[in-house]
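> Each residue of the sequence shown is one higher than the last, beginning at 374 in the working numbering.
Computed cross-link-like contacts, PhoX-like style, restricted to lysine-lysine with a CA-CA straight-line distance of at most 20 Å:
1. Lys515 to Lys454
2. Lys565 to Lys654
3. Lys556 to Lys654
4. Lys524 to Lys510
5. Lys660 to Lys634
FYI, nobody ran anything at the bench for these hints, they're computed from the structure.
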Amino acid sequence: MKDREAVVVGSVLPSLTYSVVDRGEEIPVERKDLLDNLCQGEKKALYILDILFDVEVRKSQAAETIFIVDDIADSFDYKNKYAIIQYLMDISRNPPFKMILLTHNFDFYRTVCGRFVGHDGCLMATRDDNGIITIEKPEGIKNVFINVWKKCFFNDARRRLASIAFVRNLIEYTRSCDDNDYKTLTGLLHQKPNTLHIKQRDLDGIYTRLFGPTAEAWAQPDELVIDSLFNEANGCLAIPSGVRFENKVVLSVAIRLAAEKFMFDKLNDPALSFDDQQTSKLFEYYKKAFPAKSNEIRIIDSVLLMTPENIHLNAFMYEPIVDMADDHLKKLYRDVTALV
Numbered sequence: 374m375k376d377r378e379a380v381v382v383g384s385v386l387p388s389l390t391y392s393v394v395d396r397g398e399e400i401p402v403e404r405k406d407l408l409d410n411l412c413q414g415e416k417k418a419l420y421i422l423d424i425l426f427d428v429e430v431r432k433s434q435a436a437e438t439i440f441i442v443d444d445i446a447d448s449f450d451y452k453n454k455y456a457i458i459q460y461l462m463d464i465s466r467n468p469p470f471k472m473i474l475l476t477h478n479f480d481f482y483r484t485v486c487g488r489f490v491g492h493d494g495c496l497m498a499t500r501d502d503n504g505i506i507t508i509e510k511p512e513g514i515k516n517v518f519i520n521v522w523k524k525c526f527f528n529d530a531r532r533r534l535a536s537i538a539f540v541r542n543l544i545e546y547t548r549s550c551d552d553n554d555y556k557t558l559t560g561l562l563h564q565k566p567n568t569l570h571i572k573q574r575d576l577d578g579i580y581t582r583l584f585g586p587t588a589e590a591w592a593q594p595d596e597l598v599i600d601s602l603f604n605e606a607n608g609c610l611a612i613p614s615g616v617r618f619e620n621k622v623v624l625s626v627a628i629r630l631a632a633e634k635f636m637f638d639k640l641n642d643p644a645l646s647f648d649d650q651q652t653s654k655l656f657e658y659y660k661k662a663f664p665a666k667s668n669e670i671r672i673i674d675s676v677l678l679m680t681p682e683n684i685h686l687n688a689f690m691y692e693p694i695v696d697m698a699d700d701h702l703k704k705l706y707r708d709v710t711a712l713v
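When you get a sec, could you build the whole thing from the sequences and use the hints?
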């Protein structure tokens with residue numbers, strides 16, 4: 374720092390000098406030349422150091438300040454990201470400081486919410502090509518299944534359907550993939566022989582065997598779950614884009630089921646079945662059988678690219694489902710259901 378004493382007493386603004394040390398030799402360098410020779414990660418680190426330096430000066434002067442922080446931890450590894458979060462938390466406790474944090478990174482968003490901002494201080498914005506659509510309080514930041522969907526399992530069709538993949542994971546972890554309940558739920562995520570026969574009462578039974586007895590039950594126990602799924606997926610098409618995890622899960626499940634049904638119907642081979650990775654393996658069969666169907670192949674390829682992260686939602690898989698816009702899934706759903 375130039376003029377360190379003058380900076381300390383506040384008579385001049387701080388100014389930094391830079392040098393490069395190479396094999397024991399220290400050479401002064403101008404900031405512009407330094408930046409021209411740094412990689413992007415190094416440039417970002419230097420930029421953050423500049424910010425930290427300015428923050429410390431303002432802290433020492435008790436200067437009232439509003440900080441607007443935009444994706445400051447983007448592209449950093451977890452260790453450095455959490456170090457930045459910890460520093461933001463420290464300076465937020467300084468009374469003269471106020472802060473607005475902006476981020477596209479859901480893990481960062483969820484972490485700052487839990488550590489020091491709090492749910493009341495968090496908002497989630499969605500936008501389309503025309504600008505911001507909504508700014509609203511988020512749901513289920515920490516665990517959307519436990520905090521939101523599970524409470525609605527017997528009275529909200531869309532959240533009930535969105536819970537299927539998560540319930541299936543719990544059965545896999547606590548029992549095995551050979552469990553009958555696991556196999557039943559697999560028939561609601563992939564086109565299987567039992568897919569068209571699973572009723573709402575079957576879902577109720579699976580729920581109570583996993584979580585314990587309850588006095589609650591679905592109002593239409595004989596309703597086919599597959600009918601409810603496509604009814605809800607069609608309903609999602611009319612809803613504006615927003616932070617609605619259940620819409621994205623339901624659309625993704627319906628997309629995959631429709632794509633698999635289309636391929637099975639076209640291949641028309643009753644002996645064709647798969648124990649795992651059904652969609653991708655079925656797609657390989659389809660491409661070999663119909664190599665000239667370029668449009669259908671393009672659409673189904675998009676199914677494999679877009680839907681998996683949106684179906685298997687858990688505590689570690691929020692970001693893909695947040696980053697994927699509803700509009701992309703709606704278009705893909707229309708494209709897949711239009712296949713004949």
